[in-house]
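Chains A and B, in that order, are what the protein sequence lines are. Under the numbering used here, think of the first position of the first sequence as 1, with each following residue one higher. Under the numbering used here, think of the first position of the second sequence as 1, with each following residue one higher.
Where hints are given, some of them may not hold.
[Unchecked claim] Rough simulated footprint, nothing fancy, chain A against chain B, three-plus residues with beta-carbon under 8 Å: (1) 4 to 14; (2) 31 to 41; (3) 83 to 96; (4) 102 to 110.
Please keep in mind that the hints were generated in silico from the structure rather than gathered at the bench. These numbers were taken from a predicted model, which means no experiment stands behind them. Backbone N, C-alpha and C fix where the C-beta goes; we use that ideal spot for every residue, glycine too.
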Amino acid sequence: MSGLDDDYDIQDPIQHENDEDDNEQQSPIRASGKSRGSIYDALDGEDEEEEDEDDEDEEDEEPGRDRGRKRAKHRHRRNTVNRFLDVEAEVDTEEEEEEEEDEAGGDEFITDLGPEGDEDDVNRRAAVNARLDRRERELNEQDLAKIAQGLHERYGRAAVRYTGDMNEVPQRLLMPSVHDASLWQVRVKPGRERDIVFSLMRKAIDLEYTAQPLSILSAFQRDSLPGMVYVEARSAQQVNQACKGLVGVYPSRGIVLVPIEEMASLLQIKKQDLTVTPGSWVRIKRGKYQGDLAQVMDITENGEDVGLKFIPRIDLNPRDDANVDGRKRKKASTGLATMRPPQRFFNYEEVVKVHGRKQVSKRNQVYVFQNDTYKDGFIEKDFKLNALQLDNVNPTLDEITKFSRGQDGADNENPVDLSIIAEASRKAAIAVLQPGDHVEVFEGEQSGVYGVVDSINQDVVTVTAIGVDIDGQKVDVPARSVRKRFKPGDHVKVMTGQNADETGLVISVTDNLVTFLSDMSLQEVSGASSTVNSWILISSQVSVFSKDLREAAEVGSGTNVVGNYELHDLVQLDLQTVGVIFKTERDSFRVLDQNGQVRLVQPHQIAMRRNSHRAIATDSEGHELRVQDNVKEIEGEARKGRVLHIHQSFFAFLHNRDILENGGVFVTRCRSLSSLAPKGNLVKSGVDLGKMNPTAAGGAQGGMVGSGAMGRGPRDRDIGAVITVVKGNHKGYNGIIKDINGTLARVELNTGNKVITIDKQKLYRRLPDGKLQPLSMPYHQHGQQRNMGPPAGVPSRTPNPYTASRTPAWGSGGRTPNPFASGDGKTPAWNASSRTPNPYVADGGKTPAWNASSRTPNPYAGGDGGKTPAWNASSRTPNPYSEPSWGSGGWGGSASPARPADSSWSSWNAPTPAAAATPGFLSAPTPAAYTGAPTPAGIMNDPGSMSAPTPGVSGNEDDHDSDFGLVLRDPLIANKKVVVEIRGSADAGWHDGDLEFKKGYVSSAFATLSEITALFHALDSPGSPPVHVPTIYLQPVQPDEVEDHALVLRGNHKGKHVVLRESAGHGVWKVSQFQDPEAFAIDEESLVKLYHV
Amino acid sequence: MAAIPPQARSKQLRACLLCSIIQHPMDFRKNGCPNCEELMQMKGSPDRISVCTTTYFDGIIAVIDAEASWVARWQRTSKYVRGMYAVRVKGRIPEDVEAELESRGIKYRPRDQSDQD
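Throw the hints in and build the complete structure from the sequences for me.
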């Protein structure tokens, strides 16, 4: 105790008192307090009462660290004092009583010994008395008024009247002056600002009465200034001292003085004022409803809780065990892995069905289910304000309409007021205004004025008015009262939002809502015209807020590509699921999976892109089905479409622009499809080669053909490459590429037996001679090695015979330096192929049938009908698989000397008129056998094969069925009186086939909605009126005699009117232009006969 | 001297709508507001605490020397006890308190910085 007293001596009396306050409860010197009380009584009448309250306060006080320490100290002291006494408590009370007596008694007892005092006691009491003495002296010296003030400060606070005396002073008078302490900015660890401010406070309190108290005046932190704390102090040194030893403070990074004029603004920083008003839109930040849009219904008085209304996500497929046991359910539902149920309006019947009647109770108009209330299908729930996102809510039209549609799908009687969103978006609209924008003033004095934005100065927009009487004048209007103005016909570009970067033509404008026709879809239409005749242009109409639009000259670069994936890609979502991208959004896709479900997928959720180019399946009739085929459903809605992808030979993803749903993509089973364009002849009788061929048959059933081929082919030619890592952690390591996905490669390192995933950019190919070269550089040896294997992907991709528009099939190949050309004749293509297990070759396996067919028309036609995959493969795609086995050898063989042995072949090679016009081997002269020929579509589309006197073969190429129509529409060729023959009309039932085989010339061709028709003038009845013939029934007639007039269909001489001068070999003519002696050679198939009088 | 909340991160911390002092709700319940208890009457009344204080505040000031500090003066807290104060407090005091202030002729200044003069 004496030690304490010593401390007191060096402190001023007020603090002295304070400390004693703290002590008096635990310490035995209650008496001193009392005695003091008597003094105070004289000074202040309220004291007694106040003290009581104070005591109470202290009793309530939490057992803080300080107090614990003090108590320990006391106890310790007491122990030393009364070390010889048994019962501490007894002594304590005694002591207290004694002391009370003592103090009441006054000074005269100083030297007296107490009745039962010992030596220690005497000393102690002497000390106490000395202290009292001293204090009295001090008190006397002080001004009484000052004491009163001190008291007031100490005790007055609990009952102090709130005066608000500071409130009258205007804020500007509180601006800091040079006499005020400065603010210092201190860098701290981001996220620890609050803790540091608290630490500084505690530190200041702790060190207050030490030799080195902190001399800072305050410290503060703002949430909007992360990583910084501001300390108010007279000098940087003081700040440094205060920050010393605190974790997370970086005084070494500079203690920066805040300029005096900036001090106030630090405290004035306002967060974007986020007010919630009933009716406004917010988003939920966390939990099951994360990101969901909600509408504010009410707000509690203090603005913390917000009543929201939004679309519930009720799990209608709870785990089976969920209903059994409440506990289990809880476990299941807390698991994060569980997918959140889709947004769906609350439906009493549905919920009761799944969760049982007990779970749902009804009160008035409101259902209660799992502690949530549901009204009109919406869930109504209170949220904390800080669990909500108030800014950048940007509700989309979709969401709003969903909201307004309400529970029953019908329009609500009180649809959501779009003006709220408009209001919210208007704020943002200011930000997107730019000089040059056409705007319209829609409120205020100038309402109705429109003009061009001249300049923008914060919230004031200067508009150069257009029209009316103030034309040309500049008007200042608040930015919020103008809106961008568009009129139908404007070409616009979306600046922000989901449809960003799309461009299009404005169709209609309603207030803030602009509907435009997207360019993107238009482009698609024109781009895809080779596969369709002519579709009605149903492009998606997009509605956006006008604030998001700008006038734009360019056509949207808005691509259909996000990441490595693009529209209509077949993508693998997980092991079981694949899907087709039918819509690309800004950074996500809408994918239709094979089960017909639509998913919103981020690029990273896609495992890989699948390639189904080589996939085949069989349709309902057992015919082969391939990607790009035009098909229709035989059941259900009988939807038509083009095959985008085939999955596992079972699912077909089709695309039809006419269908609005899912961007025209839908999924169906291959077995329920039938080909739209007849393939070959649609013989039902006849020999189905597929059945004869185990491989093909297998393919039809299990889909082994397509997938097998895919499985064997490497997806990337770099797989297997020997590489060296040239960058990154593994720099210098050698390895082998095991797999490639996008730009990432999985590399098996030679050392460490480790597989790493690494960016392809960091890999260089290691050549056998030890040199390195980038992966992107072609590596020939590699390709050659590959060539030996069946999946000789590489070379086939480059010299695409098809693009040269010379179908290899047609002898022409023999003359072009293409891979099909020469080798085939010499290679025993047929047999070879029949022996390889290549699925395509499986077709080759039919060789015997082949030959047979050439003699017996029927089976051949059947085979021709495209049931053998190989066929089409070769003719249509530059398929590497088909190449070695097929080599189109059979056909091209005609050019090689080896073949002519076969009379039937030679017959059609020979450019004899008979053969050309009616290909002998196709048994054209025997119409009965000619069943294969009338495959109208086929003939049309491939002008190359047109010359080919084998309609059956060209008939395979059904997917190009519109080609000839397009050729006729070609400006170079149109209106040139091309001679054609009507084919395939009988099968299709067009004019009952009356005009079948009629020859005539086309005077003009034009596109209608669904097809291209040509004005056909029959040759044999010149006087008869012309007939409109769909071009799919037209087949060009090739010139076959010297002096025939012809038109060049393709190549350098395209569109030239030539005259046949002499034959230059198989299928090639020397021709010259009409009045030009200079002759050049040209393929027969590139020519079409001209009607020349 | 106000009770300094033990945990700075606590989501429960509440700021008085009138004087902006930050305390743990427990402290408000035990001791009321150290500055304006006379008006707010929060002691022992959780209901009053919930209407007179809020968790929605921004910025924390450690007022160490209230009299000398310009920050405290700017915040009009220099006559108040030492403690933690909020820079900005969202919300208004209950109407009864506002009426009482008015009857005493005291100007009420909301602490949401909505009116600066």
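Exercise for the section: Would you pick out the hints that fail for this structure and give their numbers low to high? Expected result: none
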